[in-house]
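Asks: What follows is the residue order along each chain.
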Amino acid sequence: MKNDAFRVGNKILKSRLIVGTGKYKSFKETAKAIKASGADMVTVAVRRVNILDKKKPLLTDFIDPKKIKYLPNTAGCFNSEEALRTLRLAREMGGWKMVKLEVLGDKKTLYPNMIETLKATKILVKEGFKVLVYCSDDPLLARELEHLGATAIMPLASPIGSGLGIQNKINLSLIIKNAKVPIIVDAGIGTSSDATIAMEMGCDAVLVNSAIAKANNPILMAEAFKNSVIAGRQTFLAGRMQKLFYADASSPTKGLI
Amino acid sequence: MKVGILNILIMAKIQLNGKKLELKKKHSILTLLKKYKMDSKKIAVELNGKIINHNKYKLTKVKDKDIIEIVHFIGGG
Chain A
252 MKNDAFRVGN
262 KILKSRLIVG
272 TGKYKSFKET
282 AKAIKASGAD
292 MVTVAVRRVN
302 ILDKKKPLLT
312 DFIDPKKIKY
322 LPNTAGCFNS
332 EEALRTLRLA
342 REMGGWKMVK
352 LEVLGDKKTL
362 YPNMIETLKA
372 TKILVKEGFK
382 VLVYCSDDPL
392 LARELEHLGA
402 TAIMPLASPI
412 GSGLGIQNKI
422 NLSLIIKNAK
432 VPIIVDAGIG
442 TSSDATIAME
452 MGCDAVLVNS
462 AIAKANNPIL
472 MAEAFKNSVI
482 AGRQTFLAGR
492 MQKLFYADAS
502 SPTKGLI
Chain B
66 MKVGILNILI
76 MAKIQLNGKK
86 LELKKKHSIL
96 TLLKKYKMDS
106 KKIAVELNGK
116 IINHNKYKLT
126 KVKDKDIIEI
136 VHFIGGG
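Top line first, the protein sequences correspond to chains A and B. Going by this note's numbering, the residue at position 17 of the first sequence is 268; the numbering climbs one at a time, nothing skipped. Going by this note's numbering, the residue at position 66 of the second sequence is 131; the numbering climbs one at a time, nothing skipped.
What the hints contain is simulated information worked out from the structure, not anything from laboratory work. From the three backbone atoms N, C-alpha and C, an ideal C-beta is built for every residue, glycine too. A couple of the hints might just be wrong.
Straight-line distance between alpha carbons at most 25 Å, and here's what the computed PhoX-like set of lysine-lysine pairs gives [to be verified]:
1. B:K121 / A:K305
2. A:K307 / B:K84
3. A:K381 / B:K84
4. B:K128 / A:K305
5. A:K279 / B:K107
6. A:K348 / B:K107
7. B:K123 / A:K276
8. A:K262 / B:K107
9. B:K128 / B:K89
10. A:K305 / B:K100
11. B:K107 / A:K283
12. B:K115 / A:K373
13. A:K317 / B:K84
14. A:K305 / B:K130
The following residues of chain A were derived to be distant from chain B, with all beta-carbon distances above 12 Å [claimed, not checked]:
15. A256
16. G260
17. S266
18. N301
19. P323
20. K348
21. G356
22. E395
23. L399
24. I427
25. A430
26. S444
Using the sequences provided together with the hints, build the complete structure.
Replies: As structure tokens, then:
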């Protein structure tokens, strides 16, 4: 496992678990959970500074972007223009070229608007961004994103924050089989075994937020995810046994008394 | 008359992060950030829809009717 670093774009990550920083009770809890998860990349959102509250704590005071890589997202953007504006601002903030593009199409399902997503991907790639793209689990659209120059494809397992786990294994395995860029399952992971399944299937990494932040004990759950992602990756590399329709005794019959 | 004097004292009426503000002094982007105790390294500024490069904060003057957006990173998935 020593030489199994996760390469995405020009970055090499130690962990195949990327963690979101939303929904925690406090920044202190966020920082503790990230530490327990072992993640070296976290997603962050871009929002207006609250000018009325000058003493409000900042995320950057708790999670040092020099130590943990920030992956700015476009959460809350419903068209390509909003997403482009957000990511250009993120780039200005600290030179972030690696970004998570997420163009939503519907408030209830938070399902991605793939037409706008494809449009924004094309422009961002042209502008020199390394784009990790949240997308539907459609194998053809995933392939199109790769053709447009996406750095990684991030199909949803199920709707954002739903915790329903992987709903379409067939599509996900087709996406993995077709792709030459990393596949990161994003959205819908509900518990650590969901992450193991994704990794066993051959995903390169998983992105988890709600399943950790909304657990009764987020710090312990973060550690559980760390282990489950490692277990899934090791299982994938080891190659599981074949499934049989009948029993196959583990103890030899030779020498039976 | 009083209203007239007050108007002279106001250098610029701007919109900052969606809030209407009246500035009584001349400001550059940099002095505006200082006024609101913001660390220029941790934010990005958009002035009338255009992103302002970090090294232009000192030189960029805030004018009447400017619409300014200042953003930073928060927790997100």
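Asks: Next step is simple, just say for each hint if it's right about the structure.
Replies: Outcome of the hint check:
1. A threshold of 25 Å between alpha carbons decides the hint, and for K121 of chain B with K305 of chain A the separation of about 23 Å falls inside it, so the pair holds.
2. Of the supplied pair hints, the one linking K307 of chain A and K84 of chain B holds, its CA atoms being roughly 18 Å apart against a limit of 25 Å.
3. Taking the CA atoms of K381 of chain A and K84 of chain B, the gap is near 34 Å; set against the 25 Å cutoff, the hint is violated.
4. As the CA atoms of K128 of chain B and K305 of chain A are separated by approximately 23 Å, the hinted pair is consistent with the 25 Å bound.
5. Straight-line distance between C-alpha atoms of K279 of chain A and K107 of chain B comes to about 19 Å, which keeps the hinted pair within the 25 Å bound.
6. For a cut-off of 25 Å, the pair hint linking K348 of chain A to K107 of chain B stands: about 16 Å separates their Cα positions.
7. For a cut-off of 25 Å, the pair hint linking K123 of chain B to K276 of chain A is broken: about 37 Å separates their Cα positions.
8. Note on K262 of chain A and K107 of chain B: the hinted pairing holds, with a Cα-Cα distance of about 22 Å set against a maximum of 25 Å.
9. Annotation: proposed proximity of K128 of chain B to K89 of chain B holds, straight-line Cα distance about 12 Å (limit 25 Å).
10. Note on K305 of chain A and K100 of chain B: the hinted pairing holds, with a Cα-Cα distance of about 10 Å set against a maximum of 25 Å.
11. Proximity of K107 of chain B to K283 of chain A is assessed by CA-CA distance (about 22 Å); at most 25 Å being required, the pair is judged to hold.
12. Simply put, K115 of chain B and K373 of chain A have alpha-carbon atoms about 21 Å apart, close enough for the 25 Å limit, and the pair holds.
13. Simply put, K317 of chain A and K84 of chain B have alpha-carbon atoms about 32 Å apart, too far for the 25 Å limit, and the pair is violated.
14. Of the supplied pair hints, the one linking K305 of chain A and K130 of chain B holds, its CA atoms being roughly 24 Å apart against a limit of 25 Å.
15. A cut-off of 12 Å between C-beta atoms confirms that A256 of chain A is not in contact with chain B; the least separation is 24 Å.
16. The beta carbon of G260 of chain A is kept farther than 12 Å from every beta carbon of chain B, the shortest such distance being approximately 20 Å.
17. Residue placement check: S266 of chain A keeps its beta carbon more than 12 Å from all beta carbons of chain B (closest about 17 Å).
18. Remark: the non-interface label on N301 of chain A conflicts with the geometry, its nearest Cβ contact in chain B lying 8 Å away (cut-off 12 Å).
19. The beta carbon of P323 of chain A is not kept farther than 12 Å from every beta carbon of chain B, the shortest such distance being approximately 7 Å.
20. Consistency note on K348 of chain A: stated as away from chain B, and its beta-carbon is indeed over 12 Å from all of that chain's, at 14 Å minimum.
21. Distance check for G356 of chain A against chain B: the nearest CB is about 17 Å away, which clears 12 Å, and the non-interface claim stands.
22. The beta carbon of E395 of chain A sits about 24 Å from the closest Cβ of chain B, which is more than 12 Å, so the claim that it is off the interface holds.
23. Taking the minimum C-beta to C-beta distance to chain B, about 24 Å, the non-interface status of L399 of chain A holds against the 12 Å cut.
24. For I427 of chain A, the non-interface assignment is confirmed: its Cβ lies about 22 Å from the closest Cβ of chain B, beyond the 12 Å cut-off.
25. The Cβ of A430 of chain A sits about 23 Å from the closest Cβ of chain B, beyond the 12 Å cut-off, so the non-interface label holds.
26. At roughly 20 Å, the least C-beta separation between S444 of chain A and chain B is larger than 12 Å, which holds for a residue marked as non-interface.
Comparing the model with each numbered hint stated earlier shows that hints 3, 7, 13, 18 and 19 do not hold.
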